[in-house]
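Participant: Spelled out, the chains give:
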Amino acid sequence: MELGRGRFLAAAGAALAAGALPRAALAQTVQLPFDNGTRPLVAFPQKRPLILLTPRPPQLETPFEVFNAGVYTPNDAFYVRWHLANIPQSVDASAHRIAVSGAVNTALSLSMDDLAKMPAVEIAAVNQCSGNSRGLFTPRAIGGEWGNGAMGNALWTGVRLRDILDRAGVKAGAKQVQFDGLDTAVLPGTPDFKKSLDVDVARGDDVIVAYAMNGEPLPVLNGYPVRLIVPGWFATYWVKMLSAITVLDKTDDNFWMKTAYRIPDTPGNSVVPGATGYPTIPINRMAVRSFITNIPDGAPFKRGRNELRGIAFDGGSGIKRVELSMDGGTTWREVALERDYGKYSFRRFAGEWVVAPGTYTVAVRATANDGAVQQATPIWNPSGYLRSSIETYKVSVI
Amino acid sequence: MTKQSLTVLACVAALGAAALGANAFAAGKPAPPKGTATISLPGDAGMAYKPGAGVGAVQAACLSCHSSAYVSTQPLLTKAQWTAEVVKMKNAYGAPIADDQVPVIVDYLTTNYGKP
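As they're listed, the protein sequences go chains S and F.
Here this note's numbering = 1-based position in the first sequence + 51.
Here this note's numbering = 1-based position in the second sequence + 11.
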């Protein structure tokens, strides 16, 4: 490829110099705020050093300070999450095709050139892993033990999925649209990773097949050359290296829809640990969340005037209000929202804090345009999905 | 699509092109990529199961699909939880594990990555 070839090689070389990880990268570790949360910082191809969860398949978390640097998460800092370890390490965009088939009038095989001829759409949207923050569940939930960095915000460019579906002609009675990527299972007994959306969701204005991320081609580990973008919905649906779109005339019953990625269909999607027998539904929209991004670990603030900065987002209604508390959530004060990049984007905020020496519990709470507001009590479910409670930070001021 | 985000896009694209000295995006607008992108993944990155009784059985059963990091990053799990995990790997993901190996594997996991 033209753009960034030098960087591909440089990054690959760095990660592979001795067939193992560079010593310098391994020397640095990060302590996530839960038991067994020590992780190495490692640079994978096309990535700066990120928090390594598992090397095979690659699962990398974005260090939290990245979110303080700008509204968009740079491609080389964007988190990485794969399910199945057979991931193509060389992908030829010119030869890549997206097969459109199933309950359609005309089956299609779309090339990058075909996408180039279709109307382009740009949208800022947060991509968040269903299990972001799983490590913070109490009691702990088994799964990928992420801190808060399994998320990112990017400006995505691509074509509307609806335009593709209209070209193929969805047959009456179609129920869902299923997405598959180039990754495959290592052993035949593992179900291939496929995800499905109801036809009306798939046909939404903002669902796109994206070929650019922050104005550049997608990193291979984020799905080069094309991935699905489902703004407002958890990342499990944002299928990477998208290679097949299949219109189904029934509800998808593949493992990754029917068994995995289910949330309790209970108030707040929460259950008591140990509960059984409750109904479940496929995970879907994200809940409203907010974080302070400029409280460095352990480093004290100085007395007097300080600025607290952060980000908020939700499942697509947009952010209405962000409040800060300096007393652990007893009293709240609204802070200023910064520029609006669209209802699916991170919304940055900043608030002034004039403070005397002491120890404080700072808390942040967002309210979405749909009225949802973050709660103090965390939800719990066995898979560790949808964490979204109010974040608190212990801050000492000297 | 708001005017605001269109402007932002133009800036990002322009910066990208300038920084990389490439003209992959005609007229400053991202286009679908062409050509091959190649990376080289580091395999297990030197990570391995801890030595201990039963480690051979675990290496045989628990290394084909993913690295040991999936195990070592879990919180300390009970024997019942590790049993459920091994059964899940076998039944849901098709891990090739003979029934008589399950107790050996569970004991190893509970001793090395678990709590009583």
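Quick caveat, the hints were computed from the structure, so don't treat them as lab data.
Please read all numbers here as calculations on a predicted model, not as lab measurements.
Among the hints, a few may not be true.
Some, not all, of what chain S presents toward chain F, calculated at C-beta under 10 angstroms [unchecked claim]:
1) 171
2) 266
3) 272
4) 404
Positions of the beta carbon are idealized from the N, C-alpha and C atoms, including for glycine.
Participant: In ascending order, which of the hints set out earlier in this document are inconsistent with the structure?
Facilitator: Number 4 - this is the single hint that the structure violates.
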